[in-house]
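Undergrad: Sequence:
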Amino acid sequence: MKIRIPAVKALSVCIALAFSSGALADQPIIVKFSHVVAENTPKGQGALKFKELAEANLPGKVEVQVFSNSQLFGDGKEMEALLLGDVQIIAPSLAKFDRYTKKLQIFDLPFMFDDMAALDRFQSSDAGQELLNSMKSKGIQGLAYWHNGLKQMSSNKDTLVRPEDIKGLKFRIQSSDVLEAQFRQLGANPQKLAFAEVYQALQTGVVDGAENPWSNIYSQKFHEVQKTIAVTNHGALDYMVITNSGWWDGLPEDIRAGLQKAMAGATEHANKLAAEINDRDQKRIAEAGKAKIQTLTKRDIAAWREAVRPVWAKFSDQIGEDLIAKARASNDD
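If you count by mature numbering (1 follows the signal peptide of the UniProt record, and there is no 0), then the sequence shown holds residues -25 to -1, 1 to 308, one letter each, in order.
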């Protein structure tokens, strides 16, 4: 038996659907930006600046929702969420991309960049910008590099000046083949530990040392459970802000342009803040007087760089000798 909808009722349904479709068309595009750190960090502040600028550039067209402190997804799940379209933007550490491309291991190679200025020159170069597109075949589009700072080595020993000073020591590392090779080459014993476990591991002697930017050392109070911090600046702890490439390419051109402009402004803000916080926290650590800060000479740094050269050679085929050469050239300015 057929159920007939009266003509007037049918017409009212069509009109309702038409208005509903029009209303949906007028809804802003939702952009979920998920990250795993606090809002008062450079990454957290960068995400909020992106929201501010994106919504100012595209009033009524986009709504950026920022989720900090792993509110939506933690470290282990955020990449999967991005690829599934559950979030639109995340900003993982550069050390976490080696299963998608080996080229980004360039940033983990020890003593590759002399200072932050050299790192900036490389990241803004054609070669550095090309790396943002190196994972498109995996569904990942890089949008920008955000700084956290150059890493310093710390230990529970009185002296940390030359490579031989860490021989036999246990060092906490992120999960990275390059970082593991770095410490093995130096005669130390790398230990992979979650960041949340590092303070207690240092305090109890489960590990003897670690590598972190000044901001991490101060905010996590690592300087209270380490005797010495050497100003090595031996590697970068940076992030790549990424999005789902299919989603990004499918955006209307004006929306994509507006988001790109907002990302450029947020990147400048986040990176300026990272530099200021690291400078401030190095001074705070010195003033606290609980860990000795050791400044290394050029000869000391040359000794470290020579000691880890075999690590560059080990990963040159994966990363590409041409890319390593371009990274080294960023120091010659």
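The set of hints was computed from the structure by calculation and includes no laboratory data.
Since the model is a prediction, treat every value here as computed from it, not as a measurement.
The beta-carbon is built from N, C-alpha and C at its ideal position, and this holds for glycine as well.
A portion of the hints provided could be inaccurate.
[To be verified] Straight-line alpha carbon distances no greater than 20 Å define the calculated DMTMM-like cross-link-like pairs of lysine to aspartate or glutamate that follow: (1) K247 with E262; (2) K77 with E38; (3) K267 with D101; (4) K196 with E228.
[Said to hold, decoys possible] Pairwise CB distance ranges (calculated): (5) A261 with Y174: 32 to 42 Å; (6) R137 with E296: 41 to 51 Å; (7) E281 with N15: 33 to 43 Å; (8) E139 with R303: 20 to 30 Å; (9) K196 with S150: 15 to 25 Å; (10) N164 with L58: 32 to 42 Å; (11) T272 with D61: 12 to 22 Å; (12) K142 with K247: 30 to 40 Å; (13) D61 with N108: 19 to 29 Å; (14) Q40 with E243: 34 to 44 Å; (15) I5 with E105: 45 to 55 Å; (16) G143 with T272: 46 to 56 Å; (17) K167 with K142: 47 to 57 Å; (18) D90 with A169: 24 to 34 Å.
Undergrad: Hints numbered earlier in the text: which of these fail when held up against the supplied structure?
TA: 1, 2, 3, 4, 5, 6, 11, 14, 15, 16, 17
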